[in-house]
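Asks: Protein sequences, first through last, are from chains G and E. Under the UniProt record's numbering, the first residue of the first sequence carries the number 1, and numbering increases by one thereafter. Under the UniProt record's numbering, the first residue of the second sequence carries the number 1, and numbering increases by one thereafter.
Everything labelled a hint here was simulated from the structure, so no lab data went into it. No residue lacks a Cβ here, since even glycine has one placed at the ideal position from N, Cα and C. Misleading hints may appear alongside valid ones.
[Stated by the list, open to error] Computed footprint of chain E on chain G; a stretch qualifies when at least three of its residues, placed anywhere within it, have a C-beta under 8 Å from a C-beta of chain E:
hint, segment
1, 45-57
2, 85-96
3, 115-124
4, 222-232
Number of protein chains: 2
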Amino acid sequence: MTGSPMRGFPEAEFAARTEHAQTGMAAAGLGGLLLMTEAEVRYFTGFHTLFWQSPTRPWFVFVPPVGKPVAVIPEIGAELMRSTWLDDIRTWSAPCPDDDGLSLLTELLAPMAQAGKTIGVMKGHETALRMPLGDYERLVAGLPGLSIADATALIRGLRMVKSDREIEKLAHICAIGSRIFASVPELAHEGQPLEDLFRAVRREGLALGADDVPYLVGGADQGGYRDVISPPSRRPLANGDILMLDTGAVWDGYYCDFDRNFAIGTADDASRRAYDVLWRATEAGLDAARTGATCRQLFQTMQAVIAELDDQGGDVGRLGHGLGMQLTEWPSHAAFDHTVLQENMVLTLEPSLSYGDGRIMVHEENIVVRKDGPELLSERAPRDLPVI
Amino acid sequence: MTGSPMRGFPEAEFAARTEHAQTGMAAAGLGGLLLMTEAEVRYFTGFHTLFWQSPTRPWFVFVPPVGKPVAVIPEIGAELMRSTWLDDIRTWSAPCPDDDGLSLLTELLAPMAQAGKTIGVMKGHETALRMPLGDYERLVAGLPGLSIADATALIRGLRMVKSDREIEKLAHICAIGSRIFASVPELAHEGQPLEDLFRAVRREGLALGADDVPYLVGGADQGGYRDVISPPSRRPLANGDILMLDTGAVWDGYYCDFDRNFAIGTADDASRRAYDVLWRATEAGLDAARTGATCRQLFQTMQAVIAELDDQGGDVGRLGHGLGMQLTEWPSHAAFDHTVLQENMVLTLEPSLSYGDGRIMVHEENIVVRKDGPELLSERAPRDLPVI
Numbered sequence: 001m002t003g004s005p006m007r008g009f010p011e012a013e014f015a016a017r018t019e020h021a022q023t024g025m026a027a028a029g030l031g032g033l034l035l036m037t038e039a040e041v042r043y044f045t046g047f048h049t050l051f052w053q054s055p056t057r058p059w060f061v062f063v064p065p066v067g068k069p070v071a072v073i074p075e076i077g078a079e080l081m082r083s084t085w086l087d088d089i090r091t092w093s094a095p096c097p098d099d100d101g102l103s104l105l106t107e108l109l110a111p112m113a114q115a116g117k118t119i120g121v122m123k124g125h126e127t128a129l130r131m132p133l134g135d136y137e138r139l140v141a142g143l144p145g146l147s148i149a150d151a152t153a154l155i156r157g158l159r160m161v162k163s164d165r166e167i168e169k170l171a172h173i174c175a176i177g178s179r180i181f182a183s184v185p186e187l188a189h190e191g192q193p194l195e196d197l198f199r200a201v202r203r204e205g206l207a208l209g210a211d212d213v214p215y216l217v218g219g220a221d222q223g224g225y226r227d228v229i230s231p232p233s234r235r236p237l238a239n240g241d242i243l244m245l246d247t248g249a250v251w252d253g254y255y256c257d258f259d260r261n262f263a264i265g266t267a268d269d270a271s272r273r274a275y276d277v278l279w280r281a282t283e284a285g286l287d288a289a290r291t292g293a294t295c296r297q298l299f300q301t302m303q304a305v306i307a308e309l310d311d312q313g314g315d316v317g318r319l320g321h322g323l324g325m326q327l328t329e330w331p332s333h334a335a336f337d338h339t340v341l342q343e344n345m346v347l348t349l350e351p352s353l354s355y356g357d358g359r360i361m362v363h364e365e366n367i368v369v370r371k372d373g374p375e376l377l378s379e380r381a382p383r384d385l386p387v388i
Numbered sequence: 001m002t003g004s005p006m007r008g009f010p011e012a013e014f015a016a017r018t019e020h021a022q023t024g025m026a027a028a029g030l031g032g033l034l035l036m037t038e039a040e041v042r043y044f045t046g047f048h049t050l051f052w053q054s055p056t057r058p059w060f061v062f063v064p065p066v067g068k069p070v071a072v073i074p075e076i077g078a079e080l081m082r083s084t085w086l087d088d089i090r091t092w093s094a095p096c097p098d099d100d101g102l103s104l105l106t107e108l109l110a111p112m113a114q115a116g117k118t119i120g121v122m123k124g125h126e127t128a129l130r131m132p133l134g135d136y137e138r139l140v141a142g143l144p145g146l147s148i149a150d151a152t153a154l155i156r157g158l159r160m161v162k163s164d165r166e167i168e169k170l171a172h173i174c175a176i177g178s179r180i181f182a183s184v185p186e187l188a189h190e191g192q193p194l195e196d197l198f199r200a201v202r203r204e205g206l207a208l209g210a211d212d213v214p215y216l217v218g219g220a221d222q223g224g225y226r227d228v229i230s231p232p233s234r235r236p237l238a239n240g241d242i243l244m245l246d247t248g249a250v251w252d253g254y255y256c257d258f259d260r261n262f263a264i265g266t267a268d269d270a271s272r273r274a275y276d277v278l279w280r281a282t283e284a285g286l287d288a289a290r291t292g293a294t295c296r297q298l299f300q301t302m303q304a305v306i307a308e309l310d311d312q313g314g315d316v317g318r319l320g321h322g323l324g325m326q327l328t329e330w331p332s333h334a335a336f337d338h339t340v341l342q343e344n345m346v347l348t349l350e351p352s353l354s355y356g357d358g359r360i361m362v363h364e365e366n367i368v369v370r371k372d373g374p375e376l377l378s379e380r381a382p383r384d385l386p387v388i
């Protein structure tokens with residue numbers, strides 16, 4: 001692709017991430033971080049593979065108090081891990097149900113256990129334990145003296161603020177996302193099964209330079225859609241449908257995540273009004289998305305506009321979120337989230353509402369918070385509900 | 001797509017799965033199963049969505065000793081879950097970091113805790129805990145009297161043997177996979193960056209009727225590739241390259257997973273020999289993949305042929321695996337796996353070897369074990385290394 005950024009990151013970026021983590025670890029009294037999820041392993045090493053889709057093998061990275069991270073991984077990943085900046089790569093022939101990395105981890109962590117230290121593991125909101133729970137329990141039981149603390153806040157704080165190179169990748173995939181949506185009026189037509197449109201949109205995304213379009217959801221129904229997480233049906237698009245497409249396309253491991261609404265043939269008044277309210281709610285969000293504001297304030301600002309039409313809220317649980325190596329990341333634009341917006345956070349603004357007889361509508365834009373206000377990474381949705 | 005099977009499953013299939021689970025629960029002394037991973041939730045409910053790609057919200061299904069499963073899920077999924085066979089759907093407005101389903105789960109499980117019962121959670125090989133570990137620990141601590149047992153063996157036993165309708169979906173996507181690979185000689189050419197070929201292969205898969213091609217890995221290098229899990233580079237295909245493409249395409253939530261090797265322009269002798277050994281190892285696997293044989297025997301049979309060229313083994317850890325709703329499922333064709341092959345297991349045969357100076361080669365076919373022997377779901381790879 002002409003105009004694509006460079007893939008990957010220079011070693012200095014991984015070194016800086018690791019040093020920032022180590023500063024946080026020292027402040028939190030942590031003797032190390034044991035990480036095992038795709039985004040965290042990639043964040044500290046650059047190890048980038050689709051192989052995470054196989055649930056069979058666990059992968060571990062240990063961030064020590066000083067120096068480079070240590071990889072404890074299946075042998076099948078050794079060649080790729082050796083291409084990263086890491087030096088200490090310990091492997092085993094996996095799968096091995098009786099000992100899938102546990103001996104290697106125990107050897108690594110035993111000195112810390114003997115010294116009565118605490119290590120961090122991600123145990124908090126929006127995390128999962130990507131190893132068998134039984135193995136985790138065995139590992140901990142085999143390391144008496146070792147304390148485990150929740151490292152979610154530390155990692156969250158690092159990952160929420162993006163580097164220039166991360167933003168460059170995110171801007172690139174968001175621009176591709178905008179071009180995908182710009183082509184929808186040519187790809188969609190009355191009588192077309194929604195399933196076929198989804199396939200055409202995915203193909204278009206690949207043609208426009210996305211590495212993949214792993215996430216594509218949406219809906220279409222007369223006078224509005226009712227569900228935003230279903231796979232597409234074979235129901236043909238019909239005059240009077242409101243169509244929504246929400247895409248997570250990916251480039252070099254970074255996502256865009258925004259949606260667009262369209263009317264097929266004609267737009268009903270209720271849907272046009274819902275669109276107008278959401279467009280203005282987004283505008284209010286853009287005004288409010290400034291450094292120093294909180295996610296809670298951003299939520300309240302958008303919700304105040306949404307309340308013109310819908311005072312229920314809550315269905316979707318939030319009005320946007322962070323964006324990066326994952327389709328959805330911390331923070332959440334929700335009443336519970338007091339995160340203060342900082343420069344170089346990449347966020348979605350995602351106001352939604354219910355209207356009519358159980359219809360819903362969702363808008364979404366992607367932004368980066370800059371010193372002097374938000375910068376749109378997605379091309380702003382049209383002012384009025386577009387009719388195809 | 002003409003000739004596609006029906007999407008989804010009739011209610012009777014979910015009822016049968018649930019009854020089989022309940023029989024196993026009774027035998028194992030389990031008062032219920034608490035499940036939270038995509039494949040298990042879909043297996044018992046039919047709940048099918050790409051929304052699992054967002055790590056933000058946990059989803060729970062509880063299988064009681066009798067009757068239909070109970071869903072405890074974020075409100076955003078309520079409409080879709082109501083379209084399944086379930087009656088009891090309990091929701092909360094998620095995300096809610098302070099109480100992401102825990103109150104609802106506690107209410108559901110409290111009677112079992114009070115009665116000192118045991119419930120099953122998946123804690124074993126090839127599983128993960130798809131909820132925050134901290135929340136899991138809080139949940140268990142809040143239910144004194146409740147015992148947690150590992151339900152992996154029970155679920156594994158159910159999911160490894162596929163129903164006719166599951167096999168129909170797997171056969172369909174494998175046939176699409178075969179057509180994708182048949183088109184590679186037209187899609188690939190000397191001078192083409194591997195990244196562009198990957199994009200073309202994904203587009204072709206969608207055009208041929210795959211819902212998506214989420215997994216596509218491979219490699220290409222002079223006289224053989226060295227790594228099978230990397231993303232594609234921008235290195236152009238060159239005369240003398242050995243190219244491997246391994247694809248997981250998906251239709252209605254079921255995967256194919258097989259690969260093909262090609263030589264670009266000319267094939268070197270070492271690669272042709274490696275190909276021949278792997279082709280024969282696959283043939284031996286096809287002879288051996290009969291009901292009553294074990295995965296260990298299947299492994300040993302293939303390994304005996306591979307040993308003609310490579311006696312190391314172990315790099316990849318196994319020579320094939322189960323296939324279904326996940327790209328890789330239990331069992332493993334490995335020395336540690338004594339699983340007895342049963343009728344209607346769907347498996348990959350995936351012999352691999354190292355040769356020359358750090359090259360590797362991998363073959364893969366997809367089969368269903370029938371009463372009288374294996375049936376190929378993938379179109380058998382050509383006898384000799386094809387040259388493009």
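Asks: Apply the coverage criterion to the segment 45-57 of chain G and chain E: a residue qualifies when its Cβ sits closer than 8 Å to a Cβ of the chain, and three qualifying residues are needed.
Replies: It holds: at least three residues are needed, and the segment 45-57 of chain G offers 9 whose Cβ sits within less than 8 Å of chain E.
Asks: Mind taking a look at whether chain E covers the segment 85-96 of chain G? Criterion is 3 or more residues with CB to CB distance under 8 Å.
Replies: Satisfied; 4 residues make the cut.
Asks: Just to make sure I understand the rule, a stretch counts as covered if three or more of its residues have a C-beta closer than 8 Å to a C-beta of the chain. Does the segment 115-124 of chain G meet that for chain E?
Replies: holds (count 4)
Asks: Using a Cβ cutoff of 8 Å, are there at least 3 residues of the segment 222-232 of chain G near chain E, or does the coverage claim fail?
Replies: holds (count 6)
The structure agrees with every numbered hint stated previously.
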